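Novice: Sequence:
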Amino acid sequence: MLSNNYLTGNSIAIYDGINDTTFVNLKDFSSDFVFDMKYATDDNFLKSKVYDCGECYLRLKTIKSLVEANEEFKSLGYRIKLYDCYRPLDVQKKMWVIMPNADYVANPAKGSIHNRGGAVDITLIDENGIELDMGTSFDFFGPEASHNYQDISRKIRKNRALLKSVMLKHNFKSFDSEWWHYNLTDSSKDNLANFKWNCN
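Just add 843 to the spot in the sequence shown (first one is 1) and you have the numbering used here.
Just to be clear, a hint being listed does not mean it is correct.
For lysine to aspartate or glutamate, the following DMTMM-like pairs were computed, each having C-alpha atoms within a straight-line distance of at most 20 Å [stated by the list, open to error]:
1) Lys936 to Asp886
2) Lys907 to Asp1033
3) Lys1007 to Asp982
4) Lys1016 to Asp1033
5) Lys907 to Asp895
6) Lys890 to Asp946
7) Lys1007 to Glu911
8) Lys924 to Asp885
9) Lys890 to Asp875
10) Lys937 to Asp895
11) Lys892 to Glu911
12) Lys1007 to Glu915
13) Lys924 to Glu911
14) Lys936 to Asp895
15) Lys1001 to Asp969
Each pair of labels, with its calculated beta carbon distance range [what the hints assert, rightly or not]:
16) Lys890 to Gly920: 31 to 41 Å
17) Met942 to Ser1031: 21 to 31 Å
18) Pro986 to Asn950: 20 to 30 Å
19) Arg1000 to Asn950: 43 to 53 Å
20) Tyr947 to Ser1031: 16 to 26 Å
21) Asn971 to Asp871: 19 to 29 Å
22) Ile973 to Arg1000: 16 to 26 Å
Simulated from the structure, these hints should not be mistaken for laboratory data. Fair warning: this is a prediction, and the values are worked out from it, not measured in the lab. The beta-carbon is built from N, C-alpha and C at its ideal position, and this holds for glycine as well.
Turn these sequences into a full structure, and let the hints steer you where they fit.
Specialist: This is the structure in structure tokens:
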């Protein structure tokens, strides 16, 4: 059943007729994002490639809010850069084998919002494609990555506040310990999923 719960193929320009909980590829709805899908490489905290290829699938309702947020960022001279989107449950299990520590990886027995198509890991880039300084790298596990951490420069606090304020305005919730992680509001109610996208 899961394999029928997403769309691939031809470019889709409008949302009409697509259920909000359907999985779709972000690239079919916007060309205004930048992608650096870390888990399709070994440039991540696991030091291991766990996706066969990097694509950003999410539920349609997540994509709608993400596109709206990116439009606001664009009006300010920035764009969203994505590190991770939907994560199949089998990949979560693979990550858990490598790092069986709930401080770093969600236990696949419960799953995560990434497995439900409602979470994104993101940063912002400027008009020259340069990432804004957020104080730590993506997937840095330490107090410095927290929204509540204060021992950082005013510029970094301002950058994090910009990212957070716009995302909250567009129906996302922040994750206190990770400045890059945002969950669509109420996405925890969606089912875990395990479909795999095709690598061309």
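Novice: Which numbered hints does this structure break?
Specialist: Hints 5, 9, 11, 19 not satisfied by this model.
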